[in-house]
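Sequences listed follow chains P and L, in order.
Take 314 as the starting number for the first sequence in the numbering used here and just add one per residue.
Take 281 as the starting number for the second sequence in the numbering used here and just add one per residue.
All the given hints hold, so there is nothing to weed out.
In silico BS3-like cross-links for lysine-lysine, where the CA-CA straight-line distance does not exceed 27 angstroms: (1) P:K348 to L:K361; (2) P:K373 to L:K396; (3) P:K380 to L:K361; (4) P:K346 to L:K372; (5) P:K360 to L:K361; (6) P:K346 to L:K394; (7) P:K364 to L:K400; (8) L:K400 to L:K348; (9) L:K373 to P:K327; (10) L:K313 to P:K322; (11) L:K323 to P:K348; (12) L:K327 to P:K348; (13) L:K319 to P:K346; (14) P:K344 to L:K327; (15) P:K319 to L:K313; (16) P:K319 to L:K423; (17) P:K364 to L:K372.
Computed, partial: chain L to chain P, Cβ under 10 angstroms: (18) I285; (19) V286; (20) E289; (21) F311; (22) L330; (23) T340.
None of these hints come from the bench; they were simulated from the model.
By construction, the Cβ of each residue, glycine as well, lies at the ideal position given by its N, Cα and C atoms.
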Amino acid sequence: MNKITKARKYNSSKLQELLDEVSPLEMEQTKTKMKLAARIEDYMRAKGWNKSQFAEKVGKNPSEITKWLSGTQNFTVDVLTEIASTFDIELTALFGKHPIPVVYRKEIVVNSVATPTAIKLITPYEHGVSFLKLVSVQNG
Amino acid sequence: MNYEIVEMEPFSGSEAKVYSIIPEGENVTLFEKFVDENKVVYKEEIKDILKRLKQIGHATGARESFFKHEGDNEFFRKYGKYVWALYDDEEKKLRLYCIRFTNVAIILGGGGYKDKSVLKWQDDENLSEEARKIIAYAEIILKQLDDGYLYWSNNGAELEGNLKNYDNE
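Full structure from sequences and hints, please.
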């Protein structure tokens, strides 16, 4: 039987000194960028889009979307307006606090020799969501 | 390979636990060593990393999109996606490796300067050493989790158990 031990708390004066050089405003700016990125990603997932699909909707490369979602992007108002418009939401919603219901989907494709030749199952697997969609896929 | 996993107090928070590793015989964590080695030449970039780590711990959690998947194919096939680097775009000069457990926890490793001309860590001696080091730690830690020497707290947020992994203790 293992004894329960938690990690020792570790603080370093050198790290703290560097952190002390960061002003509250700088820290807030980083927080805003990261929370904004998280929110954009949640809206993207809520739409059922992956990065490539989102990139296509906004006419960008997927690598640009990776940067947008990294929490390091300093967005312009024009770009944020475009993103909000793509999600069909108000610009202010990107800065909101209420959680965005995100449905994660998994796809299982079962090949078969019978008709229909394939069955595509699409099901959310995030907790709290319970529906199953059955789609028959025709070849050709 | 003896080491201790410690919780990094300024960064660890309610949204994600931030840990690092102190190898046996050393006084500082792998992360602190990385900071020490780079804080003079790349001070602003180091401060940017510190700011982001603090927000990961206290505001956002360790979301996948804040990281880049790293490691090698052999490790990935065997264990899955556990070795990551904090996101850095091509303009950034530093790379920081970590072990990431979904959104809830990260264990910070070391890292170093990344040259623009280097496309893979395998092509850079210093990054190779740091990447291989974090891969080696990840293998041991994942095995410890599999074997029950390390485990997650009841709320799934904290690592508990044999956090000081010394042969003689």
